[in-house]
Amino acid sequence: MLRRFSAVLALAALALAPAAALADALDAPTVELVAAGHGKLSLRVTAGPSGLPNGFAVYWMTQQDYDDYGNVWPDQLTYPTLKWAMFTGAPTLNDGGGAYTTFKLGAGESVVVEIGDLLMETGVTTNFEHELGDGSTAPTDWVVCAYALGGAGSTRSAYSLNAQGMTTLSQNCTYTIGYWKNHPSAWPVLNLTLGTVNYTQAQLLSILASPVKGNGLVSLAHQLIAAKLNVANGADPSAAAAAIAAADALIGGLVVPPVGAGYLPPSATSATTQILDDYNNGIIGPGHCGTVPAKPTTWGSIKSLYR
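Residues -23 to -1, 1 to 284 in mature numbering (1 follows the signal peptide of the UniProt record, and there is no 0) are what the sequence shown spells out, letter by letter.
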């Protein structure tokens, strides 16, 4: 089911203008891989000389699906294997620790966004808000591009050059929120303390299933639950220990929804939430267990491909 489907029709006209017929088009942005985790790819999108005054779109497909389609991007948003997101509003999670306040960028400005981590993000319309994997699935090659969305007085840009990244395989290191939410029988403990409040597994699962709705406490709790389960499961905690302690201090005696009605502004939690998110995705730590990809690759490698 498309997220915020009512917004899709309004955006479709901006997205589907044929790239070959853009007489007064905006300049294409660039997109590059910043990091890859078990379930997400972090991408840096940089505006061209004309900026991204209406925001931008990101397309992604598996390398196999992209090859099967002829190494070009489908013109229809409804193509079955095309995944897309349109970044047009104000971010809550992909805000660079408060550095980014909008997805509408000026010339040369950049923002880092995370595909596979859009479920709780704001300012985005997407047909795929799920994780790209959960650490127990085989690594997958993905191809990504971006383009500037059109608007009054301008049309959408051509596609950027492609970037490529591979999700990573966990070897009893860290797992994502999605894994723990969907595999309760794999939990190494049946209760956790968040801040100073202890929760049962049933309560923790209800928290993981709860939407953020602009509440930084909920997004922080999601990542803290996963981080603590990873540590209890044997993951080296050193890369996340300070963030875990900071998260507990921020939460204190607040009771996380839907169990309670606690609240923290996202601006107070986003930096700590991001560190825990990176830890759970395997982008940082654990040191000694590592991540062994199915074929040689480097997390930070960028492979630009022409259409």
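Calculated directly from the structure, the hints in this document are not laboratory data.
Cβ coordinates follow ideal geometry from the N, Cα and C atoms, glycine included.
Check each hint, because a few of them may be wrong.
Unchecked claim - Quick list of the computed label-pair ranges, beta carbon to beta carbon:
{"id": "1", "residue 1": "115", "residue 2": "49", "range": "20 to 28 Å"}
{"id": "2", "residue 1": "222", "residue 2": "46", "range": "25 to 33 Å"}
{"id": "3", "residue 1": "55", "residue 2": "175", "range": "20 to 28 Å"}
{"id": "4", "residue 1": "53", "residue 2": "113", "range": "30 to 38 Å"}
The hints, checked one at a time:
1. 115 - 49: 20 to 28 Å: For residue 49 against residue 115, whose Cβ atoms are near 26 Å apart, the range 20 to 28 Å holds.
2. 222 - 46: 25 to 33 Å: Check failed, 47 Å falls outside 25 to 33 Å.
3. 55 - 175: 20 to 28 Å: violated, 47 Å
4. 53 - 113: 30 to 38 Å: holds, 32 Å
Of the numbered hints given earlier, the model fails hints 2 and 3; all others are met.
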